[in-house]
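Student: Sequence:
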Amino acid sequence: MDELIDVLDIEGYKTGETCLKSIVHKTGLYHATVHIWFYTNKGKVILQQRAASKIIYPLLWDVSVAGHINAAESFKSGAVREIKEEIGLIINENELVKIGVFNSFQKYDTGIIDNEFHHVFIAELKVGIDQLICQEEEVEALKLVSIERCYDLLNDAKISNHFIASNKKYYEFVLKNIQNRINNKK
Numbered sequence: 001m002d003e004l005i006d007v008l009d010i011e012g013y014k015t016g017e018t019c020l021k022s023i024v025h026k027t028g029l030y031h032a033t034v035h036i037w038f039y040t041n042k043g044k045v046i047l048q049q050r051a052a053s054k055i056i057y058p059l060l061w062d063v064s065v066a067g068h069i070n071a072a073e074s075f076k077s078g079a080v081r082e083i084k085e086e087i088g089l090i091i092n093e094n095e096l097v098k099i100g101v102f103n104s105f106q107k108y109d110t111g112i113i114d115n116e117f118h119h120v121f122i123a124e125l126k127v128g129i130d131q132l133i134c135q136e137e138e139v140e141a142l143k144l145v146s147i148e149r150c151y152d153l154l155n156d157a158k159i160s161n162h163f164i165a166s167n168k169k170y171y172e173f174v175l176k177n178i179q180n181r182i183n184n185k186k
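So for the sequence shown, our numbering puts the first residue at 1; every next one is plus one.
Heads up, a few of these hints could be off.
[Stated by the list, open to error] With a straight-line cut-off of 27 Å between C-alpha atoms, the simulated DSS-like cross-links for lysine-lysine are:
#, residue 1, residue 2
1, K168, K54
2, K98, K76
3, K107, K169
4, K126, K76
If you're looking for bench data, these hints aren't it; they were derived computationally from the structure. As the structure is a computational prediction, the values presented were derived from the model and not from experiment.
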């Protein structure tokens, strides 16, 4: 689907312009996305395997849910929408805890120029993973992995195909925030 999204400046602020996602990726315009990492109170994280049909990193295990923010959409409402679309889960905006914004400026061999500001949220998963419904176009599979196992996979990222090896610091930041959130609830 070719959504209309807000164009941002190099600092991540809206320019007042909008553009189709396909044009944004073709020309390298800056834009916003959301990343939502789900965790359980038992210290496990949901990893999503990207669909085989994805142009970028097909079949790679990554963030629980991610997507683009539509024009004039808030980050939290965009996150709630993406969660429902990708894994069939309905949550309230107040369940999302924002932990940061990460810029990811990359060019791919496919011709995509991806200049994104990832607005990163964490949220506790309060239902069983078997109750989630994967959107076929986006999600190949879901699995729960312990935080400790995530760190092991990160250390072997170049051979494990679970994470994008160049994003190691980002993943470590997310895992640390999830662990702190779980520890603070005890």
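Student: Tell me, which hint numbers fail for this structure?
Tutor: When the structure is compared with the hints, none of them turns out to be violated.
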